[in-house]
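Visitor: Next come the chains, spelled out residue by residue.
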Amino acid sequence: MGISKGISLTRIALVLFFLVAAVLPLCGLLASLLDPAAWEVFSSPQFLPACLNSVSIALIAMLLSLSIALLVSWVFCRTNIRGKGAFAVLMTLPMLIPSLGLGMGLVFLLGSNGIITNLLGLDVSIYGFWGIVIGAVLYSFPSAFLLVYDVLKNEDASPYEAADVLGIPKLSQFAGITLPYLRKPLISAAFATFTLVVTDYGVPLMVGGKTITLPVLMYQEVIGLLNFDTGASIGFVLLLPAVVAFLVDVLNQDRGRLGFVRKARVIREDRRRDFAGYVAVGAVSVAILLPICVFVLVSFVVKYPLDLSFTLGNIGRSMNLNAGAYWLNSLAIALAVSLIGTSLAYLAGYITARVGGKSARVLHLACITTLAIPGIVLGLSYVFAFKGSFLYGTLGILVLVNIVHFFASPYLLAYNALGKVNLNLEAVGATIGASRWRILKDVLVPQTAGTILEMFSFFFVNCMVTISAVAFLATTLDMPLALLITDFDAQRLTECAAFVSLLVLLTNIVFKALFAGVKRLLMRRAGLPASA
Amino acid sequence: MTTLTPKLSVRGLKKNFDGKGVLHGIDFDVLDGEFLSILGPSGCGKTTTLRILIGLLEPDAGTVLLDGVDVTDAAPDQRSMGIVFQNYALFENMTVRGNVEYALKFDKERKDRRREIAEKALAQLGLSAQIDKPIHELSGGQQQRVSIARTLVLEPEIILFDEPMSALDVETRLSMRAELKDIQERLGTTMIYITHDQEEAFALSDRIMVMGGGEIHQLDTPEQIIAHPADEYVADFVNKNLRIKMDSLARFMDR
Ligand SMILES: Nc1ncnc2c1ncn2[C@@H]1O[C@H](COP(=O)(O)OP(=O)(O)OP(=O)(O)O)[C@@H](O)[C@H]1O
Ligand SMILES: [Mg+2]
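Chains as they are written, first to last, in this note's numbering: chain P, 1 to 532; chain E, 1 to 255.
Just so you know, not all the hints are guaranteed correct.
What the hints assert, rightly or not - Using 25 Å as the maximum straight-line C-alpha spacing, the simulated DMTMM-like pairs for lysine to aspartate or glutamate come out as follows: (1) P:Lys519 to E:Asp132; (2) E:Lys120 to E:Asp107; (3) P:Lys441 to E:Glu163; (4) P:Lys358 to E:Asp107; (5) P:Lys441 to E:Asp112; (6) E:Lys111 to P:Asp442; (7) P:Lys420 to E:Asp169; (8) E:Lys120 to P:Asp442; (9) P:Lys153 to P:Glu269; (10) P:Lys5 to E:Asp73; (11) P:Lys358 to E:Asp18; (12) P:Lys420 to E:Asp206; (13) P:Lys441 to E:Asp206; (14) E:Lys105 to P:Asp150; (15) E:Lys20 to E:Asp32; (16) P:Lys512 to P:Glu269; (17) P:Lys263 to E:Asp112; (18) P:Lys441 to E:Asp132; (19) P:Lys5 to E:Asp60; (20) E:Lys133 to E:Glu157; (21) P:Lys358 to E:Asp60; (22) P:Lys420 to E:Glu163; (23) P:Lys441 to E:Asp169; (24) P:Lys5 to E:Glu163; (25) P:Lys358 to E:Asp73; (26) E:Lys108 to P:Glu269.
To be verified - Footprint (simulated), chain P over chain E, 3 or more residues, beta carbon under 8 Å: (27) 34–47; (28) 174–186; (29) 206–218.
Everything labelled a hint here was simulated from the structure, so no lab data went into it. Note that CB positions come from ideal geometry on N, CA and C, so glycine has one too.
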C-alpha cells in the first residue's frame, strides 16, 4: 500500500514552507555576517557588558524560576491545599501579558515613584540588573512551572510507598526519587527559561535603566538607529544560546514518557504541612498578582503617580490614539495565525506521528527546529529576506512570522496526541475501505479535538502578547496592540500604556474562558473522558 | 473433502526493512476453514507476514493467492479478509454500535442495513447491553469483542489475529478462546492467529506454523510438532515446559 499522493504533496508543501519561511531568511541573516563591517559591533564598548548582563541575568532568573516552579509544583502534588485548580491558573497568568506589560507593572510597584517604594519610603530603585532579574522571573516562571508540574502530577507513587516501608527519610526520598524522576523536565525547563529570558527585550527595556542586555542593544540598533547589519550580528550571537538549548533539549528528548501503570498518590493529613503550602503558594500568587493588579489600577487613574483619582478617561484617550484599530490588528493576526498555524502544525504532526518514513523524520526535525530561533532574530531575518517583496509591510508577513515563531510547541502537542492514538486505526480503515483522510476526519480529529483547541489557544495567546518577532516588521498601520505599549510609554502616556496591557490581558482571559467552554462541550459530545 | 486449491497460498514472500532482511522467502498454504496459529520469538516476522497477507504492506517479492487468484497487489478491502489487533484499534470517539456500523459505511450494498447488521453481530457476541456505551466504559474483553464484531460484519473469508488475547487476563482469555472456536465452527471462517502463548496455539489450532528469523521452520498439526519437531529449533522452542503445557491442555479439553 503506497502512501497516497495527497500525503506526498502535503509533505512537500510543508517542507517548502519551512524552506521559505525559516531556512532562507536565516541564511540571509547569516550571509550579512560575511561583511566585515558587521563585525565592528563586537568590539564596541557596549557589546561585552551586554553579553555578560544577558548571560548572568538569564542564569539567575533560570535558577530562581526553576526553584519556585519546583516548590509550587511540589505543594500542588504533595499537600492537601484547596483550590489547586484556581492557583494553577493564576500561576500561568503572566503568560497572558506582554513582557513589556510585566516590566511596566514592576515599575509601577517598585520604580522611583512606585507604590511600594513610596509606601515604605524606600530609597532603592528597581532599575537595573536586579530589576531585570525580577521581571525575568515573573516572565519565565510560568513556562517552567507548566513543564515541571505536568510531569510531577503524573508521577507514580509506588516507589515512595516502597521507600516508606524501608524507612527512608523524606529528604532522601526527594533527592533519590523525585529529583532523578524530574531530571528531564528540569533540564527542559532550564533551557526553556534561559532561552526565554536571554532573548526577551520587553522586561529589560522597561526596567533595565542603564543596564543593557543583548536584545535591548539589538532593539536600539535596529529601531533607534536603523543599523540593520549591526542588529544582524547581535542576532547571530543571540542565536547561539538558543541553538545550544535546542540541541540539549533534542538530546534530552522524551520528557518523562509515562508508563501505563501509575499509582496515584494518597496524600496524608498534615495540617502544618498544608499551612506551609498555603504560605508558599500564597506568596507566589501575591508576587504574580501585584504587578498585574497595579497596571489594572493605573489604567483607571487620572495621572500616575500625581493624581490617583478614578477615571475611565484613559479608555477614550487610548481609543483616540487608535488603540482600537491596533486591537483589531492583533485580533486579526491572532485569529489568522491560530487557524493557519493549527492546521499546518496538525498536518505536520499527522505525517510525522502516523505516516512515518525517512522524510517524516526530516520534517519532524524541521518543525521542532523553530524552537531554536529567537523571535527577535527571526523577525530581523524577515526584514532581510522580504524587504521589497509584496509581503513586506502587510499583515501577511506578521501572520507568517508568528506562525513560524510559535510553530514548535503546538506541533509537539499534535505529534504527541496523534502518536498516542492507536496506530492501527488506518490499517483497520484500509480493510473497511476508509481512506486515510476519512480516518483522519472521522476518528483522529474528533479524538484529538481537545489538543486542537489547545494548539489554537497557544497560537492565539502568544500572538496577542508577542513583541519580539513582530517588532521590526510592523508598520504604523498594521502594528499589533502589544507594541503600542512602548509607543505610549515613550510618549509618557503611562496610563494608556497600562490600559493597553490590560486590554491584552482581558482579551486573552476571555478567549481562554471561551476555549475552556468549547473544550468541555466537545469532550462531552465526543463521549471522551474529560482528561483526554 | 478433497482439497483442490487451498484457501490461501503464499509463495516466495520476501521483505526487507532498511536493507535488513525480515522475511527470507516464505511459502505456505492455508486450507479452507482451517485454524492456523503462528508461533515464534519476538521480531521473527509474524506481524510482517500478516500485514502482507492483508495488503497493508507490500512484499519485496513473492505472491499471495486467494482461492488461486493473485491478490498481491489488491487493496486490503478487496481481499475478503479482516484483521483483529492486540490493542483492539477501536474508534474511541464512537459508541460500540458506531464502531461496528462504521465498518459498513463504505460498503455500497449493505450500507443502508448497517444498523440491523451491527445489532445482530453485537448480540451474537453478547454485547447488546453495551451497544450504546462509549468504548472507554468497556472492559478489555468487551473491547476485543467489539473489534471482533467489527471484523465479522465485513463477512471476511479469512480473519487474521495479531496476538488478540495478550492484553487480557487469564480468565477472559479462556472464555474468549471458546468463543473464537465457536465462531469458527458456526461460520467456517478461515483463521490465522499469531500468539506468544503456546498453550493457546495448541488448544485452538488445526495446524501450527513455527517461525524463526524470517523463515518457517515447521508447519504441521500440534501432535506432529510435539512428536516430530522438524529441527533442533522447533524442538527447543516447543519443548520448554512441554509437560506442563500438555497437562493443562488436557485439563482444558476435559472441561
Ligand atoms: N515498519 C518497519 N520499519 C522497519 N523495521 C520494521 C518495521 N516493521 C517491522 N520491522 C522489523 O522487522 C522485524 C520483524 O517485525 P515483526 O513485527 O514482523 O515481528 P513479530 O514477529 O511480529 O514480533 P513480535 O512478536 O514482537 O510482535 C523486527 O526486527 C522489526 O524491528
Ligand atoms: Mg508482532
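Visitor: The structure should be examined with respect to each hint, and the outcome stated for every one.
Guide: Each hint tested on the structure:
| no. | hint | in the structure |
| --- | --- | --- |
| 1 | P:Lys519 to E:Asp132 | 23 Å, holds |
| 2 | E:Lys120 to E:Asp107 | 17 Å, holds |
| 3 | P:Lys441 to E:Glu163 | 28 Å, violated |
| 4 | P:Lys358 to E:Asp107 | 34 Å, violated |
| 5 | P:Lys441 to E:Asp112 | 21 Å, holds |
| 6 | E:Lys111 to P:Asp442 | 17 Å, holds |
| 7 | P:Lys420 to E:Asp169 | 23 Å, holds |
| 8 | E:Lys120 to P:Asp442 | 24 Å, holds |
| 9 | P:Lys153 to P:Glu269 | 18 Å, holds |
| 10 | P:Lys5 to E:Asp73 | 17 Å, holds |
| 11 | P:Lys358 to E:Asp18 | 10 Å, holds |
| 12 | P:Lys420 to E:Asp206 | 37 Å, violated |
| 13 | P:Lys441 to E:Asp206 | 41 Å, violated |
| 14 | E:Lys105 to P:Asp150 | 40 Å, violated |
| 15 | E:Lys20 to E:Asp32 | 33 Å, violated |
| 16 | P:Lys512 to P:Glu269 | 34 Å, violated |
| 17 | P:Lys263 to E:Asp112 | 46 Å, violated |
| 18 | P:Lys441 to E:Asp132 | 22 Å, holds |
| 19 | P:Lys5 to E:Asp60 | 21 Å, holds |
| 20 | E:Lys133 to E:Glu157 | 29 Å, violated |
| 21 | P:Lys358 to E:Asp60 | 18 Å, holds |
| 22 | P:Lys420 to E:Glu163 | 20 Å, holds |
| 23 | P:Lys441 to E:Asp169 | 34 Å, violated |
| 24 | P:Lys5 to E:Glu163 | 32 Å, violated |
| 25 | P:Lys358 to E:Asp73 | 24 Å, holds |
| 26 | E:Lys108 to P:Glu269 | 62 Å, violated |
| 27 | 34–47 | violated (count 0) |
| 28 | 174–186 | violated (count 0) |
| 29 | 206–218 | violated (count 0) |
The structure fails hints 3, 4, 12, 13, 14, 15, 16, 17, 20, 23, 24, 26, 27, 28 and 29 (numbered hints given earlier, in ascending order).
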